[in-house]
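Peer 1: Residue strings, one per chain:
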Amino acid sequence: MALPDTASLPPTRTDFRDRTVGRLLRRPSALVGLILLAGILAMAGFADIAFPGDPLDMAGTPLLRPGDAAEFPLGTDMMGRDLASGIFHGARVSLLIGGVAALVSLVIGIGIGALSGYYGGRVDRALMRVTELFQTIPPFLFTLALVAILQPSIATITTAIGITSWSGLARLVRAEVLRLRNSELAQASIILGASDARIIFLHILPNTLAPVIVSASILVATAILTESSLSFLGLGDPNVVSWGGMVGAGRETIRTDPHVAAIPGVAIVIAVLALNLLGDGLNDVLNGKGERR
Amino acid sequence: MSDPIPADPVLAVDGLSIAFQTRRGLLPAVRDLSFSVGRGEMLAIVGESGCGKSLTALALLGLVPTPGRVTGGAVRLEGRNLLALDEAALRHVRGARISMIFQEPMTALNPVLTVGEQIMEAILEHEPVSRKAARERTLALLERVRIPDPARRFAEYPHRMSGGMRQRVMIAMALAGAPAVLVADEPTTALDVTIQAQILSLIDELRREQGTAVVFITHDLGVVSRYVDRVLVMYAGRKVEERDTRDLFADPFHPYTQGLIAAQPRGLIAAQPRGLAARSQADARLPGVARERLTEIPGTVPALAAMPPGCAFAPRCPLADDLCARTVPPPRPAGSGLVACHHAGESHAI
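Sequences listed follow chains A and B, in order. For what it's worth, the working numbering labels the leading residue of the first sequence as 1, then goes sequentially. For what it's worth, the working numbering labels the leading residue of the second sequence as 1, then goes sequentially.
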């Protein structure tokens, strides 16, 4: 016996994704964020083609202002290094550290949050105490201490930022898992004989993805800021150019030649702003403001 | 219609007792419940909210929600006592030998997976088959639960389906492991009447085709009367009557059962007048109720913490006397089944 049915068209996976992306693109702030982020990604990708030399090499007369010389569109710093080259190559470092640190943080945060929320009881109490311990230490000071002990390099900075920034995410994931663990969906899966791993990875975590994606974009932004601050304080990787390091180097000439510090500063602002705009847009789309999927 | 007590039951519940652990001690919610279901048989457990029927349903799968715990008895599935198994062993039984469907299929389905993927996962959980084979079995299952155009429906998300379709998907998932027993906990309550009938007849067809034993949990005696072989009536955690469906409706023995049948809005018994219009004080007496007009049972179910020492139904029962207030009536053979009442059969032989 055929049932009359409400659904009309056969939907597919891509159908659902297209609609999410489409709705994201219809939000002006998210669109601006995406375009800015794409620009920064392009800068990072084409850094070697646009500026083949080492950005830390002295390239011309020191302290040229933007527009002073055609070959240095953004001018040079007090060591005669090309600022434009530094911005392009610095985008690489910032995005790499931001992305990988956020990934480290996601793995730890989701892992701890999922175990804590799913198993509850003693496991939950132990893991949450550890999380609270991490929350009580100011993250920036913690990162600073770790980097100072481990010697600054891209790897140690990334790890340190990752290790110090997962606690909020762990609590978020724990709350979501706790909610879904007691849902009928989880009950039904248990009743149909699903294993813990299958319930967590197949039925629970995919349903917590929306808030996690949103906080991931903010995590990347925070990681970029933290790395910049570290570099500004002279705890960046000395072998690579980074935006924070450039701001730090420009500090000495801030009265006479403010552009040296201002230009990388603007780059940081744009990158962080782009990620926040994207995060807001994702939050609206995924967490169901307006239309329901 | 099969034997009232099947010779070789697939599922046998023996003296099952479940209690809630509270600060003031154990509160018994299900007491000394016994029943069994044979291959291809359909048993309805009927009772009002809080009588312990859903708790019983979960206990059949070895799942008792905290703070409840099993305080006695056994649940034997194909001879094995599920209550003695550990979690790992239970996991291999659940979904494979005994399965369950629920009231609200939407909340039991994963919104981010297509229905096909979910059924496939249910198959892969229990059997080491290739994804291709699992996919083919999924399509066959969708076909078996009468979902039109299975290949297309495979790729649909649950929110794109109607309630009846979702329940069909749930049934397909529950049947993925070809279980011997299917527990159905009010699976049609959230559906409208025409879909209700379709789902019920689907379950009925499937158990006839595959020999699956079905335990149907419901509060609505009328809905299931056409499909089930036997009815078990629960009241305040105890079985009060268990009979073949036809006998039960023709001549209910327990005053509570009589009240339930008489409270059906449509005349399920030929002698009962249709509608609720005529309701008078004189009719509120229970004896011979099937032939009179009674539309409700006076009073409410006693709270778990304030259970009377004798028959739990005594405070609401017009037949109750001192004996009922003092001692719990033991179940005794009556017609094609059992009844637990001191006074059943006094007006006529049972």
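Because the hints were derived from the structure by calculation, they are not lab data. In this text, all values refer to a predicted model and were calculated from it rather than measured experimentally. Glycine is no exception: its CB is placed at the ideal position from the N, C-alpha and C atoms. Honestly, I wouldn't trust all of these hints.
[To be verified] Quick list of the computed label-pair ranges, beta carbon to beta carbon:
id	chain 1	residue 1	chain 2	residue 2	range
1	A	Thr20	B	Ser162	21 to 31 Å
2	B	Val129	A	Ser153	19 to 29 Å
3	B	Ala263	A	Ser29	53 to 63 Å
4	B	Arg69	A	Ala197	19 to 29 Å
5	B	Ala89	A	Thr20	55 to 65 Å
6	A	Asp196	B	Ala325	30 to 40 Å
7	B	Ala140	A	Asn287	37 to 47 Å
8	A	Thr20	B	Glu78	38 to 48 Å
9	B	Ala89	A	Gly120	21 to 31 Å
10	B	Glu78	A	Leu146	57 to 67 Å
11	B	Gln21	A	Arg129	47 to 57 Å
Peer 1: None of the hints should be skipped; say for each whether it holds.
Peer 2: Results for each hint:
no., hint, in the structure
1, Thr20(A) - Ser162(B): 21 to 31 Å, "holds (24 Å)"
2, Val129(B) - Ser153(A): 19 to 29 Å, "violated (49 Å)"
3, Ala263(B) - Ser29(A): 53 to 63 Å, "holds (59 Å)"
4, Arg69(B) - Ala197(A): 19 to 29 Å, "holds (26 Å)"
5, Ala89(B) - Thr20(A): 55 to 65 Å, "violated (42 Å)"
6, Asp196(A) - Ala325(B): 30 to 40 Å, "violated (49 Å)"
7, Ala140(B) - Asn287(A): 37 to 47 Å, "holds (38 Å)"
8, Thr20(A) - Glu78(B): 38 to 48 Å, "holds (47 Å)"
9, Ala89(B) - Gly120(A): 21 to 31 Å, "holds (22 Å)"
10, Glu78(B) - Leu146(A): 57 to 67 Å, "holds (58 Å)"
11, Gln21(B) - Arg129(A): 47 to 57 Å, "violated (27 Å)"
Of the numbered hints listed earlier, those contradicted by the structure are 2, 5, 6 and 11.
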